[in-house]
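Colleague: Now for the letters of each chain:
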Amino acid sequence: MAVLFFIEIADGKVKKASFEATSYAAAYAKQIGKDAVGIALGTIDDAELAALGVYGATKVLHAGNKEFDSFDANEYTKAVADVATQVNADTIVFSQTLTGKAVAPVVSARLKAGIVSGAVSLPDADFVVKKTAFSGKAFAYVKVNTSTKIVSVVPNSFGATKGTGTATVESVTLEAAPNRVTVKEVTRQQGDIAPLPEAELVVSAGRGMKGPENWGIIEDLAKALGATTACSRPVADLHWRPHYEHVGQTGVAIRPNLYIAIGISGAIQHLAGVNQSKCIVVINKDPEAPFFKAADYGIVGDLFEIVPKLTEAVKALKAGQH
Amino acid sequence: MKFLVCISLVPDTTTKISFVDNDTKFNNDKVQWILNPYDEWYALVRALELKEANGGTVTVVNVGSAANDQVIRKALAIGADDAIRIDVTGEADSFSIASEIAAVAKSGGYDMILLGKETINYNGSNLGGMLAELIDLPFVSYASKLDMAGNTATIERDIEGGKEVLTVDTPFVISCAKGMAEARIPNMKGIMSAKTKPLNVVAPQGVGSLTSVVKYELPPAKSACKMIPADHPEELIRLLHEEAKMI
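Chains A and B, in that order, are what the protein sequence lines are.
The first sequence begins at 1 in our numbering and counts up one residue at a time.
The second sequence begins at 1001 in our numbering and counts up one residue at a time.
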C-alpha cells in the first residue's frame, strides 16, 4: 500500500507544483504510516527524480517511454492507473494544474476512485478534505467514500517542505496506450520566471496603464521583485498583453503569496481569480475602487509616479540584503 | 456533425454566498441561477458557429430537476436545436453527473462533446475527463481555439505558461476556455423559437456519487486595508518586508 503522487515534467525538469504534491503526499503517507511513491512519465534524468527525496518521497517510479514526452490525457491516464494498481495505491495525489486537471478526473473515472479537486488541506482520519469552491468565495469539506481516493492539490496552498533525503528511483516498463491526439507544437514562455499558476509573487496591471507602451515600469518592478507579470481582462482583450497573462475568472485563477494590482479597479470577476492570494496590494488613483475592500495594503495615487519609486525601494532593500 | 454541449447551472457571479442547515447546504434563497458562463460563452457558442459553418445539430444536456428548465431554455434561445434534461433531484457529485451524461452521450452518436473548462461554483474541472473515460473517447482540456477540417480538429489548448497545438479526429470530448468564442445574446426570434424547441426529460440511470460534501465554510473576514500615503510608497516595501514578510 502506498500514497502515489504524479510528477509533472517540463523540459526535463520536475515542475514546481510537483514539489508541493510530493510534500503533500509525504505528509499524508506519514499520517497513515505508508510510503510516498512518485510516478514520472517521459524523459528526465533520474537524479532530478531522486532529489524529490528532500520533499519526503521514498521512491519514484520512472517510465521513460519517449511516447510520454508529448502529452495525451488518455495515455497518461492508462499509465497512472496501471501503476496505481501495481503499487496497490489507496491514495493518488495530483496537482490542480492544467495537466493535473486533464489527467486526474480521467483516472478517477477509470478506477472509480472519488476525487477532491482543488484541495487545500490534508485529509483527516475520515478522509474529509478542504477544497476551494464558489471561485474562491467559500470552502467545501468533501468526504471521499471509495476505497481508492484521489486528491488534486491547489498550487501554492499546501507548500513544499524541504528536508533531507534521496528517493530511490526505479525504472518501470509501461505499455503506452495508443496515441489519440497528435501534439504538433508546444510553446512556453522563456526564462526563469515562474509561470503564473505557480508564481509566488505577481505584479499585475490593468487599464489604468493607459497603453501597452507604458508597461516598462510594471516589468521593472516585477524584475526587481523576481515576480511574474499578469494583467486584467480588458488589457488582454485589447491585446496590450498576451492572453496567458490574464488572471481572473475567465483567465487563470492564481494563489500567489503576494499579488500587487496596479491600475485595476477590482471587478468581481477579477477578484474571483485572485482572491485567494495571501497578501493583496492595490494601487489605484480612485479611492472608491472596489479592489481596496479585498486588499491588505493600499495606495491611492498616480501609479506612474508610485510604481518607479516602489522599484527603487525594492532594489534598495535587496541591495541591503546582500 | 452532431454536437452535444453539457450545460451546468450555477449561481450568478455576483451572488453573495451563504450556507444553511449548519453550513451543510448552499443557501438557495434569492439566488439567480444562470448557465455556467464557460459552458455558455465558449462551448455552446463554438458548437453553434461550427454548425452554422458546416451544418449539423446542437443538443444541450443538463442534469437536474424541472426547476432548471427555464435556464435550459436560454441555451435554446441562443441557438441550440434541442435539449435533454436528465431528471435528477438532490445532490450529485461530478462522477454521478458524468455517468448520467455518459448514458445519453453513448446512445446519441455525437461527433463532438463540448463543455466549459470548469463550473464557477464547484471549480472542479472534473466532468469532461470523466465523461471521456466513461464513453472511451479522447479528451482535450482547456481549449482556446478549435478548427475543423473534415473529421480532424486542430486545437490550441492552454498549458502552464504557454500553448499546445494538437490534432484529434472526431469523436472526442473537449473542455473550452477563453478564446474559443464570444458570448452571444439571444435575440427575440431565438427567445420565441426556444419556447417550442424540444426539451426532452429522461430518467436517470441512478449512478451514485463517490464523494459527498460534509460542510461549507466562508473564508475569514478580511481585515481592513492598511493605507499608505502616496508620497511615501517606499513604506509599502518596508511593510511587505517586515510586517507581511512577503518579500
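The set of hints was computed from the structure by calculation and includes no laboratory data.
Think of the CB as a built atom: it goes at the ideal place given N, C-alpha and C, for glycine as much as any other residue.
It is possible that some hints are incorrect.
To be verified - With beta-carbon atoms standing in for the labels, derived distance ranges: (1) B/D1087 - A/D126: 30 to 40 Å; (2) B/E1052 - A/E213: 33 to 43 Å; (3) A/P212 - B/G1150: 35 to 45 Å; (4) B/G1162 - A/E213: 32 to 42 Å; (5) B/D1231 - A/A319: 21 to 31 Å; (6) A/K66 - B/D1231: 54 to 64 Å.
Colleague: Now, for every hint given, state plainly whether the structure supports it.
Modeller: Quick rundown of the hints versus the structure:
1. B/D1087 - A/D126: 30 to 40 Å: The hinted range 30 to 40 Å holds for B/D1087 and A/D126, with Cβ atoms some 32 Å apart.
2. B/E1052 - A/E213: 33 to 43 Å: Check passed, 38 Å falls within 33 to 43 Å.
3. A/P212 - B/G1150: 35 to 45 Å: Holds, at about 39 Å.
4. B/G1162 - A/E213: 32 to 42 Å: violated, 25 Å
5. B/D1231 - A/A319: 21 to 31 Å: holds, 23 Å
6. A/K66 - B/D1231: 54 to 64 Å: holds, 60 Å
The structure is inconsistent with hint 4 alone, although it conforms to all the rest.
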